[in-house]
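Asks: The residues making up each chain are set out below.
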Amino acid sequence: MNKYALLKTTAFALASAAILGLAQPAAAQDEQVSACLITKTDINPFFVKMKEGATQKAEELGIELSTYAGRVDGDHETQQQAMESCIAAGVDGVLITASDTKAIVPLVRRAREAGILVIALDTPLQPLDAADATFATDNFEAGRLIGAWAKATLGEEAENARIAFLDLNESQPSVGVLRDQGFMTGFGIDTADPNQWGDEDDPRIVGHEATNGNEEGGRRAMENLLQVDPNLNVVYTINEPAAAGAYEALNAFGKADDVTIVSIDGGCPGVQNVAEGIIGATAQQYPLLMASMGIEAIAQYAEDGTVPEPSEGLDFFNTGVNLVTDDPVEGIPSISVEEGLERCWG
Amino acid sequence: MSDMSKQEGVAEQFAQFDHVTRGPLATVQRFLHANPTMVPFIVLLLSTVIFGLISPNFFSAFNLSLIMQQVAIVGTLAAAQSLVILTAGIDLSVAAVMVMVSVIMGRLSVDFGVPVPLAILAGMLCGLGTGAVNGLLVTAVRLPPFITTLGTWNVFLALNYYFSGRETIRSQTLDAEAPLLKLFGERFEVGGAVLTWGVVLMVAIFIVLWYVLQYTAWGRRVYAVGDDKEAAELAGIRTNRILVSVYMAAGFIVALAAWSSIGRVGSVSPTSFFEANLQSITAVVIGGISLFGGRGSILGPMLGALIVGVFNSGLRLAGVEVLWQLFATGWLIILAVAIDQWIRKVSA
Chain S
1 MNKYALLKTT
11 AFALASAAIL
21 GLAQPAAAQD
31 EQVSACLITK
41 TDINPFFVKM
51 KEGATQKAEE
61 LGIELSTYAG
71 RVDGDHETQQ
81 QAMESCIAAG
91 VDGVLITASD
101 TKAIVPLVRR
111 AREAGILVIA
121 LDTPLQPLDA
131 ADATFATDNF
141 EAGRLIGAWA
151 KATLGEEAEN
161 ARIAFLDLNE
171 SQPSVGVLRD
181 QGFMTGFGID
191 TADPNQWGDE
201 DDPRIVGHEA
211 TNGNEEGGRR
221 AMENLLQVDP
231 NLNVVYTINE
241 PAAAGAYEAL
251 NAFGKADDVT
261 IVSIDGGCPG
271 VQNVAEGIIG
281 ATAQQYPLLM
291 ASMGIEAIAQ
301 YAEDGTVPEP
311 SEGLDFFNTG
321 VNLVTDDPVE
331 GIPSISVEEG
341 LERCWG
Chain G
347 MSDMSKQEGV
357 AEQFAQFDHV
367 TRGPLATVQR
377 FLHANPTMVP
387 FIVLLLSTVI
397 FGLISPNFFS
407 AFNLSLIMQQ
417 VAIVGTLAAA
427 QSLVILTAGI
437 DLSVAAVMVM
447 VSVIMGRLSV
457 DFGVPVPLAI
467 LAGMLCGLGT
477 GAVNGLLVTA
487 VRLPPFITTL
497 GTWNVFLALN
507 YYFSGRETIR
517 SQTLDAEAPL
527 LKLFGERFEV
537 GGAVLTWGVV
547 LMVAIFIVLW
557 YVLQYTAWGR
567 RVYAVGDDKE
577 AAELAGIRTN
587 RILVSVYMAA
597 GFIVALAAWS
607 SIGRVGSVSP
617 TSFFEANLQS
627 ITAVVIGGIS
637 LFGGRGSILG
647 PMLGALIVGV
657 FNSGLRLAGV
667 EVLWQLFATG
677 WLIILAVAID
687 QWIRKVSA
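Here the protein sequences line up with chains S and G, keeping their order. With the first letter of the first sequence counted as 1, position 38 gets the number 38 in our numbering; the numbers rise by one all the way through. Quick note: to get our numbering, add 346 to the position in the second sequence (first position is 1).
The set of hints was computed from the structure by calculation and includes no laboratory data.
What follows is a set of in silico ranges between Cβ atoms, one per label pair, in the way DEER data are often shown:
| no. | chain 1 | residue 1 | chain 2 | residue 2 | range |
| --- | --- | --- | --- | --- | --- |
| 1 | S | E312 | G | V683 | 56 to 62 Å |
| 2 | S | D327 | G | P461 | 37 to 43 Å |
| 3 | G | L624 | S | E64 | 36 to 42 Å |
| 4 | S | D190 | G | W670 | 21 to 27 Å |
| 5 | G | P525 | S | P127 | 48 to 54 Å |
A short, non-exhaustive set of chain S residues, derived as facing chain G with CB atoms under 7 Å:
| no. | residue |
| --- | --- |
| 6 | I43 |
| 7 | P45 |
| 8 | A210 |
| 9 | A244 |
Covered by chain G, according to a simulated footprint, are these stretches of chain S (three or more residues, beta-carbon under 8 Å):
| no. | region |
| --- | --- |
| 10 | 211-218 |
| 11 | 224-238 |
| 12 | 272-284 |
Beta carbons: idealized from backbone N, C-alpha and C, even for Gly.
Chain G with its partners taken away, still in its complex shape (with noise of 0.2 Å):
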């Protein structure tokens, strides 16, 4: 806290010396490191109309719901890598784990004969234990968070292998016997738009978390961590304390996206997702989080996780190739960094 009234107070004696020479360029400087969530805002919403112009049948709100349906899952999980990420870590064992929780609320239920909502706690305790295990070893170990989930992203998948059998669980058997794992696959429809239970669960976990970090002391931390590790300790914060919480905090969203997944894809399947890692971290560095953590607001990886979305429906609705769409998500990519970085100079 200290620290943002220092950098406001040399803000305000050099605002003088600036006024002479700030541009246009400057104001939109300023105001992007003040409001961070409106490039991501504006991208989304320069895209949505660009390409409901050009592209047939795309501005319908069958469309933009099915959007929403096919970003949910990645953006459930980016929200889990945002909370990482603003610690200035990374979790490359988020999709792992949710894949691994999803198998073993399958197989409880269906194989074990395990009550289906038992199932569930155990898988969502097994997201708070994944967690934890990446946390502590971050902390205790004092290992990078890159270096730790490399690690546990591969022991994770090997026992996502282990625990299936490497066989998945079909969306008939899981309909006669755990109907309830597929809840956030039920459908309901608004005015024309099609949506998930999926959706909503993604949109009230990026409300509640906007919500923590914005207005409780736990959230005011994880920033205050991210943006400066050693300040934070000696403002007095149990900064150990709070990078551990911040996992396991990932890790249960990871296991309500596992949960999600499965009504998501219908069946319980190891192999899904594969790539869906760094999806969520492609979601957060669109959306404006900085790797560097610390700074970035909460709602932007939804906007990120929506921006590819609206991309890939985009250009494929044009009759694009999906080389291509990926090609436009690697240079939004890049493109969000440079802008991250060129914002970033105001504090410097």
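Pulled out of the complex, with its shape left as it was, chain S reads as follows (with noise of 0.2 Å):
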């Protein structure tokens, strides 16, 4: 720790020094505390969301944020670079949603030996324990929920559902694959291996499709999963925009009102979808929640040097998730439409 906090004041030292053209050591002992934030895209309003609760927490705490996005998802190279500046720059702390989970890993080590604390929000890394702490939605619990709720809703005829299932995308990211299993778990499908979609026999399975997670490849995703079997009638989708596009093939097809869709997310379209009955439930994440937590970890670290503890039972600290749907079934908590468009984002 003594070497860590060395190597800290000189890193603050060194860019004080670079900033100001003077070295002036004993500046960094009254420094303001300050953070960054690096999110996936700058386009996602999920990522949006993130960006604002974290500014607004840092305002309120006075920390400096200095903020820094991907051009697209996946868009590890950016990531990299803002990594790199943020060590420089030697900061408190960064908040991180990482686009290529395992490739940030080393920088994410030279980080923390540089004695900044690294909260991996949303997406945990790979390693899990690479980052001093995870921030994020249980996305396991959240398609648990859903799955749950689909199994409570069709009643005796769960027994023979025939589930498409729309994900995200070939390369099974871990966000993707817990939703996937979490939705199997919950509606009582045997998932086989919890890692990987794709190796389960259960013969109410129609299929997986990749949508990418936007509306155009979930109409697409969607339509492939009827051609194989038109008689389909549950829909578990990645998030609401897969949602939507799923929506609109069925209607194509004529099948809307025979197809009960459930979603993840809590974005502000995908709630109103709930609401107008497009999508029958979903299950609601915090984005805003995670990042103003994060800054508020932040800002005890740089005070004290507290790490922040994962949730009991967990591997990571749990922002929560509630599933909303006007349709509540009994043992499944959820919340209303309202409360849920009340606290949706983007």
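Now that you have both chains on their own, put them together as the hints suggest.
Replies: See below:
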């Protein structure tokens, strides 16, 4: 710890020397607390909301916040450069939603060696303990909730359900796998290997298709699975844009009324779709909370060196997830659409 | 034109030499050289027949028409892309412009209360404008098309996020406030096949382009500029004007694709079609249009887009994983360019 503190002071000194052109090691003592937020993209409302949460909280606590974002989801290089800038600037903490959860690990290690608190937001690193802490939605639980809800809503018919899975993409990222396998667990499908989809042999599964998490992909994927089985009646979707696309396809096939769509995210257009009966239920997550809690944790760490603890029974800090529906079923906690709309993002 | 007749003359002179050595393969080579649409046509025919035999449900009017619906947007973009590639250029910005224009049409009509036809008109003008920007950068500033459109791709992408506020306009909102934007998503049935007006639009654009490129002076100049810009200039063609007009025509077609895409997706989504620029280039290349410009039939890219659609649908219905669909598309591209190179040797 001493070594880290020393390194940190040195980094501060070097950074301020570089900026001011002066060597003032003493200045590091009462330096303002600073933090970095690195998100996957600046496009997705989810990350926009995250940035909003971080910025608000940082202003409130008087923390200097720098934000960075990749160009697109999967843009590792930009995140790498951002991480390097943050290390060079000698910030107190970094909040990151990593695009490449493995490749970023060596840099994360370097940051931690320089005494920087690194918190993974939303997306766990691989391995998970590469970061000091992870603040995320329990994606498995999110999936489990909508799976259980779908099963209960179908009642006895759940035995003969025909289920389509509209997943994120072919590389099977952890978020996508957790939601998918969580749904199966909630619905009562044997997941076989819970670290991947596609290895299950439950006859109720119609198939898995990639959507890239947008409307266009959702529509295409839905059409493809309708081709495999025109009588499918349950659709799991990775997020609400994919669900909106799926609904378009179902509508075009004249099946919109016979199918139950469930989704995950809790974005405002998505919750609106729940209100209008397009989506049966969605599991809402809270990006704003993730980021603001992350900033609080950095402030705490800068003050007394406390590293945040994971939630009980989990290896990460759970920022919460709620099932949003106006057709609640007994035994599955949920919030109303009205409340969902109040707490929605994007 | 003079170039062509010279080539024919040379071919005639050497015909007697070749006669001894030319095997059946060389005959095929010459045939394909003379009929550039034959390669994609044969591939499409063969793949349709093969998938019809091995994949259940593939060979139904319904499935075949669904493939048409699925390729309609990329196919329309490929029409625009073909024009540019015929001039030995490339347009990496097509998808970004398309999404941006759809956002402009959507925002104007839903959020700013502009009458929908005017919003559509504004979108069309925007498409022409982006084409003019690309064209002027390529001609007046003399930047390579690849660099130009790589740059404008990013610029238009950024503007797209700016205009959209990164927010989707929901399908139900469009139904209520601007149903005309979804016109090309309307379906109709023809003997078991379900088509959308978007499919009709794609086919119509290709037919119009085919006519224009075959039978108008402008069309022949486009080919001439693509084949050999200097020779075209010496022949008195104002090549820069042709180039700018090509990029503007492409921009206009992209704007039509934008309108069509709203019907296809249902909503106005700033995040859709991220890979569509590369998909349009894929369709053009598989369709047998030479990336070196000046050669290939405009109908090829439509067949190219359909080939990709047929492969994806056929493999899926045969129960093949999605990654193998990518694998197959990759080899199709390589094969198509290899065949193109081989055919080119006839004239070498």
